[in-house]
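Which chain is which? The protein sequence lines are A and B, in order.
Under our numbering, the residues of the first sequence are numbered 161 to 414, in order.
Under our numbering, the residues of the second sequence are numbered 44 to 407, in order.
Worth double-checking, as some hints may not be accurate.
[What the hints assert, rightly or not] Straight-line alpha carbon distances no greater than 20 Å define the calculated EDC-like cross-link-like pairs of lysine to aspartate or glutamate that follow: (1) A:Lys-306 x A:Glu-287; (2) A:Lys-268 x A:Asp-297; (3) B:Lys-60 x A:Asp-386; (4) B:Lys-94 x B:Asp-267; (5) A:Lys-280 x A:Asp-297; (6) B:Lys-181 x B:Asp-267; (7) A:Lys-181 x A:Glu-219; (8) B:Lys-253 x B:Glu-385; (9) B:Lys-60 x A:Glu-219; (10) A:Lys-347 x A:Glu-302; (11) A:Lys-404 x A:Asp-371; (12) A:Lys-268 x A:Glu-302; (13) A:Lys-306 x B:Glu-62; (14) B:Lys-397 x B:Glu-197; (15) B:Lys-223 x B:Asp-146; (16) A:Lys-280 x B:Glu-62; (17) A:Lys-306 x B:Asp-265; (18) A:Lys-347 x A:Glu-300; (19) B:Lys-60 x A:Glu-293; (20) A:Lys-404 x A:Asp-386; (21) B:Lys-181 x B:Asp-265; (22) B:Lys-253 x B:Glu-62; (23) A:Lys-306 x A:Asp-371; (24) B:Lys-253 x A:Asp-349; (25) B:Lys-60 x A:Glu-287; (26) B:Lys-253 x A:Glu-287; (27) B:Lys-60 x A:Asp-257; (28) A:Lys-347 x A:Asp-380; (29) A:Lys-181 x A:Asp-386; (30) A:Lys-268 x A:Glu-234; (31) B:Lys-253 x A:Asp-257; (32) B:Lys-94 x B:Glu-385; (33) A:Lys-347 x A:Asp-386.
Because the hints were derived from the structure by calculation, they are not lab data.
Computed from a prediction, not measured in an experiment: that's the story for all the values here.
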Amino acid sequence: MSHLTVSDVTLSFGGLNALSKVNMTIEPGLITSIIGPNGAGKTSILNCISGFYHPTQGEILYGDTPLTHCSPHEVSNMGIARAFQNLELFSGLSVLDNLLLARHQNLKYSFLQALFFYGKASRMEAENRAYVEHVIDFMELEPHRKSLVGNLSYGVQKKVEVARALTLAPEILLLDEPMAGMNLEEKEDIVRFVIDIQQERNTTVVLVEHDLGVVMDISDRIYVLDFGQVIGSGTPEAVAADPKVIEAYIGEGS
Amino acid sequence: MSSNQWLATGNFFTAYKQEQRTFFTHLDRSVFSLFLALLLIWPMVFPLSNKYMLVIDSTLIAIVAVMGLNLVTGFAGLISIGHAAFVGVGAYTVAALCRVLGDSHGLVTHFWPIVILAGGLVGAVFGAVVGLPALRLKHLYLAIATLSFQMIFEWTINFMTFFNQGQTIFVGRVFWFTGKVMRREHYQFWYYVTLVVIILSGFGIRNLMKTRYGRCLIAVRDNDRAADAMGMHPGFTKVYAFALAGFMAGMAGALHAYLYRGVGFESFTLHHSISYLAMAIVGGLGTLNGSFWGPVAIQFLELQVEHFSGFAGEYLPSSMNLATALRPLTFGLVIVLFLMFEPRGIANWWRIVKSYTKKWPFRY
Numbered sequence: 161m162s163h164l165t166v167s168d169v170t171l172s173f174g175g176l177n178a179l180s181k182v183n184m185t186i187e188p189g190l191i192t193s194i195i196g197p198n199g200a201g202k203t204s205i206l207n208c209i210s211g212f213y214h215p216t217q218g219e220i221l222y223g224d225t226p227l228t229h230c231s232p233h234e235v236s237n238m239g240i241a242r243a244f245q246n247l248e249l250f251s252g253l254s255v256l257d258n259l260l261l262a263r264h265q266n267l268k269y270s271f272l273q274a275l276f277f278y279g280k281a282s283r284m285e286a287e288n289r290a291y292v293e294h295v296i297d298f299m300e301l302e303p304h305r306k307s308l309v310g311n312l313s314y315g316v317q318k319k320v321e322v323a324r325a326l327t328l329a330p331e332i333l334l335l336d337e338p339m340a341g342m343n344l345e346e347k348e349d350i351v352r353f354v355i356d357i358q359q360e361r362n363t364t365v366v367l368v369e370h371d372l373g374v375v376m377d378i379s380d381r382i383y384v385l386d387f388g389q390v391i392g393s394g395t396p397e398a399v400a401a402d403p404k405v406i407e408a409y410i411g412e413g414s
Numbered sequence: 044m045s046s047n048q049w050l051a052t053g054n055f056f057t058a059y060k061q062e063q064r065t066f067f068t069h070l071d072r073s074v075f076s077l078f079l080a081l082l083l084i085w086p087m088v089f090p091l092s093n094k095y096m097l098v099i100d101s102t103l104i105a106i107v108a109v110m111g112l113n114l115v116t117g118f119a120g121l122i123s124i125g126h127a128a129f130v131g132v133g134a135y136t137v138a139a140l141c142r143v144l145g146d147s148h149g150l151v152t153h154f155w156p157i158v159i160l161a162g163g164l165v166g167a168v169f170g171a172v173v174g175l176p177a178l179r180l181k182h183l184y185l186a187i188a189t190l191s192f193q194m195i196f197e198w199t200i201n202f203m204t205f206f207n208q209g210q211t212i213f214v215g216r217v218f219w220f221t222g223k224v225m226r227r228e229h230y231q232f233w234y235y236v237t238l239v240v241i242i243l244s245g246f247g248i249r250n251l252m253k254t255r256y257g258r259c260l261i262a263v264r265d266n267d268r269a270a271d272a273m274g275m276h277p278g279f280t281k282v283y284a285f286a287l288a289g290f291m292a293g294m295a296g297a298l299h300a301y302l303y304r305g306v307g308f309e310s311f312t313l314h315h316s317i318s319y320l321a322m323a324i325v326g327g328l329g330t331l332n333g334s335f336w337g338p339v340a341i342q343f344l345e346l347q348v349e350h351f352s353g354f355a356g357e358y359l360p361s362s363m364n365l366a367t368a369l370r371p372l373t374f375g376l377v378i379v380l381f382l383m384f385e386p387r388g389i390a391n392w393w394r395i396v397k398s399y400t401k402k403w404p405f406r407y
């Protein structure tokens, strides 16, 4: 397990700086949260890490490997998985197939073996099916295993989204607002899953979330972004007491 | 597995391997085998005249081509309006061999299975090259790129003296173990060959869809951003989809060349590309059995239209050519009606029938 270091990352679209000189260190084994008002650049930083955007300046290192110019599939093969904020599932496939798709890189057999579905192809499909079943079990998706993802409710789809990222067997899991638009019960479920993912599967979690109650409860480290800049960081207690953060959230003079 | 392997009820899986089977019950398997046996036996029991056999053969060849189109347009979601050109590439592979070696060279007449495969491979190469714009283009723009290939193909063939400027290039009669395949058995012979090609590629595609090489197609169709995040290269997958489609189309083209014993450019025009697309839509995009329903339905419709205009022509002034007017009209109407009322195609009717018969005679 290695550190993910974001150093001096600037991302500009034309004249607009979505991120300016952002520095972060994501320590292994911890839950790190990124919070901030709307448009602060939270999703942009996740997009930079997962390779959808390439920073204009600065560097992103995973251990010693630079991620700055990697494309998303290269990043995911290094063990950094991503769950999207707006559902980006394969809606025409069943939950099972969605998760099996995430095993793409672990299924190593030749095209001919696939064509005749013999030997390695059949064996590896069965092995990976077992792995997927393990994740389904973990995320409590058993009742929905065979149903088409497009027909499931929003809350379940969100769970599938997290499960799919988890199926990649990542070392770092980037969760982009996994609790947005959910009711209290579903939120508590997801929080439980996030904690389980960190503790049982020993996975580093990077969480972008708006619900401050949740964030303060479960995070080990918090980074606060505003207008593309890091305005505060540290443990939840330290961040909650930081005058700059209070100013960004509640306004001046409070 | 439980003791009753004949029925779908009370039939539980105890290993993941069991769930990978193509046929889940003995009933499915035996019904399918019976159907295959019927397909193989009927031409011997009720021999049809060459005229009708030709119609059936060309329908089967269209099935091979539409299977390819369904891979790229149905499963991978990339609209291709140049599919007839890929079929043409396969046919002109055979034509090129005939031009270089002579139309009765041993390679063409004795080793025709290899030539058919070669047609497929050349089609795949062209498919991959034409698919290269998919690395950057999406949706309608990609469709225009494939359309441009169709145009380039027609123009190239029309201006190349090597290919007789699109005029027919003859292909020799092939040999089987029994000797030269003569006119009497020619159409029946190619019926069997095409059927074998369909069965093999049908099983092949079915197997592919259960593995990473098939699932990645659906992934780029549904969401290529997420496919990227899941560790597959979306651009490469699209090029691969085009190559697969090109392979099937190329085989169809080579079969076409052998069946008609000649290659001329007028069988591979834009009109044919559109009708392949129509067959795929009517059959059901993104389903394997849709590739069988579509060509059969369209071919049947065309026969009916011809039949009807022949009948109505007796009562109309001879200056009116009903068939030429009716064909595009009904054709367009059927596509529009399917897109409006049954976008999932005939394959969806098949699904409904299957789920109904599964429970019959019980309601639920």
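Status of the hints after comparison with the structure:
1. A:Lys-306 x A:Glu-287: Roughly 18 Å separates the two Cα atoms, so the pair holds.
2. A:Lys-268 x A:Asp-297: Not OK: A:Lys-268 and A:Asp-297 at ~24 Å, beyond 20 Å, violated.
3. B:Lys-60 x A:Asp-386: Status violated; Cα separation ~52 Å.
4. B:Lys-94 x B:Asp-267: 47 Å, violated
5. A:Lys-280 x A:Asp-297: 25 Å, violated
6. B:Lys-181 x B:Asp-267: 10 Å, holds
7. A:Lys-181 x A:Glu-219: Within the cut-off at roughly 10 Å; holds.
8. B:Lys-253 x B:Glu-385: 26 Å, violated
9. B:Lys-60 x A:Glu-219: Outside the cut-off at roughly 46 Å; violated.
10. A:Lys-347 x A:Glu-302: Roughly 19 Å between the alpha carbons, so the hint for A:Lys-347 and A:Glu-302 holds.
11. A:Lys-404 x A:Asp-371: This hinted pair holds, its Cα atoms lying about 19 Å apart.
12. A:Lys-268 x A:Glu-302: 26 Å, violated
13. A:Lys-306 x B:Glu-62: Status holds; Cα separation ~12 Å.
14. B:Lys-397 x B:Glu-197: This hinted pair is violated, its Cα atoms lying about 43 Å apart.
15. B:Lys-223 x B:Asp-146: Distance of about 14 Å is within 20 Å: holds.
16. A:Lys-280 x B:Glu-62: Given that 20 Å is the threshold and the Cα spacing comes to 16 Å, the pair holds.
17. A:Lys-306 x B:Asp-265: 17 Å, holds
18. A:Lys-347 x A:Glu-300: 14 Å, holds
19. B:Lys-60 x A:Glu-293: 13 Å, holds
20. A:Lys-404 x A:Asp-386: Judged against 20 Å, a Cα distance of about 10 Å means the pair holds.
21. B:Lys-181 x B:Asp-265: 13 Å, holds
22. B:Lys-253 x B:Glu-62: Within the cut-off at roughly 11 Å; holds.
23. A:Lys-306 x A:Asp-371: 32 Å, violated
24. B:Lys-253 x A:Asp-349: The given pair, whose Cα atoms are some 32 Å apart, is violated under the 20 Å limit.
25. B:Lys-60 x A:Glu-287: This hinted pair holds, its Cα atoms lying about 9 Å apart.
26. B:Lys-253 x A:Glu-287: It holds: about 14 Å lies between the C-alpha atoms, which stays within 20 Å.
27. B:Lys-60 x A:Asp-257: 15 Å, holds
28. A:Lys-347 x A:Asp-380: 19 Å, holds
29. A:Lys-181 x A:Asp-386: 12 Å, holds
30. A:Lys-268 x A:Glu-234: With a Cα-Cα distance of about 17 Å, the restraint between A:Lys-268 and A:Glu-234 holds, given a limit of 20 Å.
31. B:Lys-253 x A:Asp-257: The given pair, whose Cα atoms are some 9 Å apart, holds under the 20 Å limit.
32. B:Lys-94 x B:Glu-385: The given pair, whose Cα atoms are some 33 Å apart, is violated under the 20 Å limit.
33. A:Lys-347 x A:Asp-386: Not satisfied, since the Cα-Cα distance of roughly 25 Å exceeds 20 Å.
Of the numbered hints stated above, those contradicted by the structure are hints 2, 3, 4, 5, 8, 9, 12, 14, 23, 24, 32 and 33, listed in ascending order.
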